[in-house]
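Start from chain A and add chains B, C and D according to the hints.
These protein sequence lines map, in sequence, to chains A, B, C and D. Its first residue numbered 1, the first sequence is counted upward by one per residue in this note's numbering. Its first residue numbered 378, the second sequence is counted upward by one per residue in this note's numbering. Its first residue numbered 755, the third sequence is counted upward by one per residue in this note's numbering. Its first residue numbered 1132, the fourth sequence is counted upward by one per residue in this note's numbering.
By construction, these hints were calculated from the structure, which means they are not laboratory data. One or more hints might be untrue.
Stated by the list, open to error - In silico DSS-like links for lysine-lysine, alpha-carbon gap of 27 Å or less:
#, chain 1, residue 1, chain 2, residue 2
1, C, 1096, A, 342
2, C, 847, B, 470
3, A, 301, B, 678
4, B, 470, C, 1096
5, D, 1208, A, 93
6, A, 52, A, 362
7, D, 1224, A, 342
8, D, 1224, D, 1338
9, C, 847, B, 719
10, D, 1473, C, 1055
11, A, 207, A, 52
12, D, 1224, A, 77
13, C, 847, B, 454
14, D, 1473, A, 93
15, A, 93, D, 1432
Model, not experiment: these values are computed from the prediction.
There are 4 protein chains.
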Amino acid sequence: MRAVVYQEPYNVAVESVEDPRIEHPNDVIVRITSSAICGSDLHMYAGRTDAKGGLVFGHENMGIIEEVGSAVTSLRKGQRVVMPFNVACGFCKNCLDGKTGFCLTVNPGFAGGAYGYVAMGPYPGGQAEYLRVPYADFNCLPLPEGTEHEADFALLADIFPTGYHGCELADVRPGDTVAVYGAGPVGLMASYSALIRGASKVFTVDKVPERLNKAREIGAIPIDFSAGNPVQQILDQTNGEGTDKGVDAVGYQALAHSGEGEEPATVLNDLIDTVRPTGALGIPGLYVPSDPGAPNEQARKGQLLVSIGRMFEKGLRAGTGQANVKRYNRQLRDLIIAGRAKPSFVVTKELPLDQAPDAYQKFDKRLEGYTKVILHP
Amino acid sequence: MRAVVYQEPYNVAVESVEDPRIEHPNDVIVRITSSAICGSDLHMYAGRTDAKGGLVFGHENMGIIEEVGSAVTSLRKGQRVVMPFNVACGFCKNCLDGKTGFCLTVNPGFAGGAYGYVAMGPYPGGQAEYLRVPYADFNCLPLPEGTEHEADFALLADIFPTGYHGCELADVRPGDTVAVYGAGPVGLMASYSALIRGASKVFTVDKVPERLNKAREIGAIPIDFSAGNPVQQILDQTNGEGTDKGVDAVGYQALAHSGEGEEPATVLNDLIDTVRPTGALGIPGLYVPSDPGAPNEQARKGQLLVSIGRMFEKGLRAGTGQANVKRYNRQLRDLIIAGRAKPSFVVTKELPLDQAPDAYQKFDKRLEGYTKVILHP
Amino acid sequence: MRAVVYQEPYNVAVESVEDPRIEHPNDVIVRITSSAICGSDLHMYAGRTDAKGGLVFGHENMGIIEEVGSAVTSLRKGQRVVMPFNVACGFCKNCLDGKTGFCLTVNPGFAGGAYGYVAMGPYPGGQAEYLRVPYADFNCLPLPEGTEHEADFALLADIFPTGYHGCELADVRPGDTVAVYGAGPVGLMASYSALIRGASKVFTVDKVPERLNKAREIGAIPIDFSAGNPVQQILDQTNGEGTDKGVDAVGYQALAHSGEGEEPATVLNDLIDTVRPTGALGIPGLYVPSDPGAPNEQARKGQLLVSIGRMFEKGLRAGTGQANVKRYNRQLRDLIIAGRAKPSFVVTKELPLDQAPDAYQKFDKRLEGYTKVILHP
Amino acid sequence: MRAVVYQEPYNVAVESVEDPRIEHPNDVIVRITSSAICGSDLHMYAGRTDAKGGLVFGHENMGIIEEVGSAVTSLRKGQRVVMPFNVACGFCKNCLDGKTGFCLTVNPGFAGGAYGYVAMGPYPGGQAEYLRVPYADFNCLPLPEGTEHEADFALLADIFPTGYHGCELADVRPGDTVAVYGAGPVGLMASYSALIRGASKVFTVDKVPERLNKAREIGAIPIDFSAGNPVQQILDQTNGEGTDKGVDAVGYQALAHSGEGEEPATVLNDLIDTVRPTGALGIPGLYVPSDPGAPNEQARKGQLLVSIGRMFEKGLRAGTGQANVKRYNRQLRDLIIAGRAKPSFVVTKELPLDQAPDAYQKFDKRLEGYTKVILHP
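Looking at chain A on its own, in the form it has when it is part of the complex:
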């Protein structure tokens, strides 16, 4: 089959690779109809990880079940499904607790597995014609037949639940004011999720006009950090008090306020300054324990200078980590079906698989129109 295969930094190719097959009775094979490119793919693409050439990318996958393992109970050939980016077993201690992003079974020696991602286990990605899905009863979310809502449902694999997870970690409740740093796909989904959860005001921080416009369109208040300190701008709009809650949808590759160069703890410390005493921070934005490209020695080991003194003084809480997609995807699917959520507003481009190399290049450069790309193999 054809698949998007990582070659070396800044180079992916569409190549023929072996078809996946049922390896375990609980597997299914899915014919991929949509697989999105994720911002976290860029970490590998840009050589900021240990990914080796030959890896098939793609962890935001949906499609039609093509073949069903002999032990699978609830699925049948022809069914339309979307898979969480996390591969999970469903029966380990963490899965039982709803923490499916930290499954102890699927990637021995580590808590958590994923498709098409370095160090996340032996699971080729879905930017390809077919995908093997292990523990299929657990990992497949059934969708209505047909092709309706294809782009909306595709976002259930990762970014809609990940944005929502940011709000869950930040304990966003009806009436809250919320600051979301970052208006990339995850930041927009976090802003959108905060509004779904009943936030009264959502401030979304970025500097890219296309992204800030999308934030405004969904009812958030755009904050352009290139126009002035974002903390101060938000304080000014909250009687100097700050917001009730905050979400970091940027992570360690945060830009300095100046817009020049990375300052990995900028967003964390801005959030600590933005959120009012007793508030909570949700941190779905990625921080890594090892970053060879970091600006200093500590950051290379994942250690950042955090304003922990201020955080304590304010009595803030923080939740971190990748989304447990399984915990939210059914409910978010139901909002889509009911017409009460339409996350595909974030999708800017839908392309055939063979345009992936070009799309990666442009997405990496944050070119306009490449905020969120879905591939259709």
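Only chains B, C and D this time, still in chain A's reference frame:
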């Protein structure tokens, strides 16, 4: 009246000061029967704060109501009461949410007030014969008449609820394994609280034999960090997995593992290494946004190098801040009355007020027998 | 001053009564600008309670502070405020726990107090020119100056928080399907609140066209129980599964499905049949321990035949009781100010105080246009 | 193999039946070492259900894995395991939500399955030499090798988690006072669990001296309802206030206070009178939607006269339903291993399988020494 008055670093004196009086109809005056010396008093005592001479110390106060303001509803003269160290109004946004440690009313311009503490509002301390208690209906917890459980009840002002708060922030649940760093009074109370909440195993880390012995006596597993890396010791006793939850009862004046010199983020980063993926950290140990005596420039601004990359990879949560005593003190009082909690095991010395100067000196040096001192004016 | 005074069943009059005055240093006097008539006033109006002649009605009150008691801290003359219908002290065990509808202080011997209501304490109602508000710092919610949103804010005294409380008791979460029985003011507010909280589908059951239309307008799915069994209609629209959650906004004066005569447990048992296994019921609709007008002896003692066997088999949870308004009113106010909630869609009539007698008569007959009436003294 | 087979009311026999075998790749076969007799077995035994002759009893099962299906991942032959009485799939909507007692997969058309129980699916019981366990990765809880704690671990199949579930439904928190109605095995486990969760006082109501004594031994306060109204006794010991929380560990076969004849709603209504306003009720005791042996027509349909008016006035919450054992059994196992729980205090008799007929007969008559019987095949 006689009171413990701060003079200058390493010097307190018992002096005559003006008697407190009813200043507002919602005040009461309490005749102090017990007022404990707290580890956080030592920050001021040792000159690590901006405290000025003349400040009356004492935020762990209990006694008998002597005089009742005209608007007070629920209290009467002669009633035995204990007061949370936090002064709180009961009606601001934070108090309504149970976050009485972050009251917006009592210390304008800041979230939170306390008795006898620098920058925490105009409330003289209770290491004195009398104490003025504002918003008395809200701030006084009634106790049974008589003198029974005097030392147990005195600990309801701060350290028992503060230790319990550490467990609440860490979301300690029945069956959990818990690591508590620090076996000072708060660490012992956190360990004790974890067991009350049904923890299966509690590891308590310190190096002082007296403290480790007390941990063992209440059913915790003592971990002597002078005998080897505490993280490794705990991993070894949890099948290499780490604990479900962790509590930092040390704060920014943490010692390096070597035991020589302070390393302010040591305990934080140890906790991140000790707690297993999906776990939670409770941080009642103090971190400050400004520390003139810190070992480096960043730490002087309250910024510490935190292993945020590892924390994210593990999907840890963290809660910080001083205890909202009011949220727990009634329930903990009821456990004491029912005979199911006896926190006074931590008290090593009960002294008359005029021995305060000597007690401060010895407590500051962590001399044996001075783990927890209660003054009886 | 002029006030709406209960005379005898089916008879209220606007009379001159004595002006309220500051009785306690924590009181304020509010000049009432809006006071709504509540469905629960009709229980008294129709003689279904022990209310005696002379009672001033009105527990949904807002206005301008006219006079401030000497111990009041946070309020000033001229401030616009709305008061929860519950009178509460702010410092008893239940208030501390956020259960301000069950205050142990303000109505000795009973848990809970209210303005202008039989057996709820010595607090005259606010369908009058002035109102005394005890524990004013706790009981007044400040509003923006001016007259904007008057009708929206007036609903913060009771029905908006009460509808929201139904959703809180039913644990309504994003993505849930919800059945709300009753499309009177509280049922509409519950439906509206469910949508604010992110419900995917809300089914609102009634038979009055005006009310069903309002449900449809806010995005709920109207279910006309006069057109067929409402349980079956909802099952038909949920693949035979039932809803995730349910709210009883009707209470003990429920009509039989036939529409003829009361069957006090009809809604409770319908809910048990409507909600799917593992679901939850929120019951803000009133049930009383003594109802002289009940259709049978058990019901007169508040004992109803409940399908407890079915409830257990399904593992349902249920929460009951009057709303703890204070727990929600600030957040709901902020949603109104931010333009994200506009509960006044439910208001059908605004009248001067002296038209109260006519309004009561028509409201009691459920005449069109009298779904929700606000009086402006 | 040999198994306990139901014949007709009041008659079970130990017979030879066919050995179970792997029917699905996710099955395992367990050689049973312990299988307890449960109070709920008596409903079938006494002919109060539709159970037909030929049913193998036994839903409290533990043993050693004998054979492993080809799709099973985490288990191996020779491993010691205990199974929740609920059979569950691990991937349906309810299982994902932790509601494994209401699995939608294993017993089509109904929410929930179990071993050896009428209407709970095609799963023979474990009062036999061998047991087939479906979805074995999900349904087997691994135990330490050896034979230590055999009786403690056996109780993890049902009654320890079921008692704990009662406390979870009642939201028992540290410091709470709790009333537990019933001191049979589940009531004792609920009382024990309340203490593990940090309750300050637990009142356990029964009339059988052996049971009341066991309650006293674990630190609960026994209330003998044959010596006076239990509600009044508990009010007298709580300053007339009632308890914070309550657990119904009796269910629909409750005895009247007189001790003569059943009054199925007695315990429910007693609890409503016993628990203070704002409290919560946990109802793990069984109520059924159809009871042919009930004392009246409504009760035969599972409809009981409940004091719903009083419940509403007090603002009580209630949770019902069979325990989701999987949600608690790991944590409770860890408490047993750590030596912090020893639930086997409730076990009064351990017998070989062939004495089952006699044991059923004596247990049904509540003879002394037959409070809790474990069979060892």
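Hints versus structure:
1. Distance restraint check for residue 1096 of chain C and residue 342 of chain A: the Cα-Cα separation of roughly 23 Å lies within the 27 Å cut-off, and the hinted pair is therefore satisfied.
2. A C-alpha spacing of about 18 Å is found between residue 847 of chain C and residue 470 of chain B, which places the hinted pair at or below 27 Å, so the restraint holds.
3. Simply put, residue 301 of chain A and residue 678 of chain B have alpha-carbon atoms about 22 Å apart, close enough for the 27 Å limit, and the pair holds.
4. In summary, the hint linking residue 470 of chain B to residue 1096 of chain C is supported, as the alpha carbons are separated by about 23 Å, within the 27 Å threshold.
5. In summary, the hint linking residue 1208 of chain D to residue 93 of chain A is supported, as the alpha carbons are separated by about 21 Å, within the 27 Å threshold.
6. The suggested pairing of residue 52 of chain A with residue 362 of chain A holds, with an alpha-carbon distance near 22 Å, which does not exceed 27 Å.
7. Of the supplied pair hints, the one linking residue 1224 of chain D and residue 342 of chain A holds, its CA atoms being roughly 23 Å apart against a limit of 27 Å.
8. Using a Cα cut-off of 27 Å, the hinted pair residue 1224 of chain D and residue 1338 of chain D is violated, with the two alpha carbons roughly 41 Å apart.
9. Proposed proximity of residue 847 of chain C and residue 719 of chain B is supported: the alpha carbons are some 23 Å apart, at most 27 Å.
10. Straight-line distance between C-alpha atoms of residue 1473 of chain D and residue 1055 of chain C comes to about 44 Å, which puts the hinted pair past the 27 Å bound.
11. Between residue 207 of chain A and residue 52 of chain A, the direct Cα distance comes to roughly 33 Å. Violation of the 27 Å bound is thereby established for this hinted pair.
12. Only pairs whose Cα atoms come within 27 Å are accepted, and residue 1224 of chain D paired with residue 77 of chain A is accepted, the gap being roughly 21 Å.
13. Restraint check: the Cα-Cα separation between residue 847 of chain C and residue 454 of chain B comes to about 21 Å, which is no more than 27 Å; the hinted pair holds.
14. Annotation: proposed proximity of residue 1473 of chain D to residue 93 of chain A holds, straight-line Cα distance about 23 Å (limit 27 Å).
15. Restraint check for residue 93 of chain A and residue 1432 of chain D: the C-alpha separation of about 40 Å exceeds 27 Å, so the hint is violated.
Checked against the numbered hints given earlier, the structure breaks hints 8, 10, 11 and 15 and satisfies all the rest.
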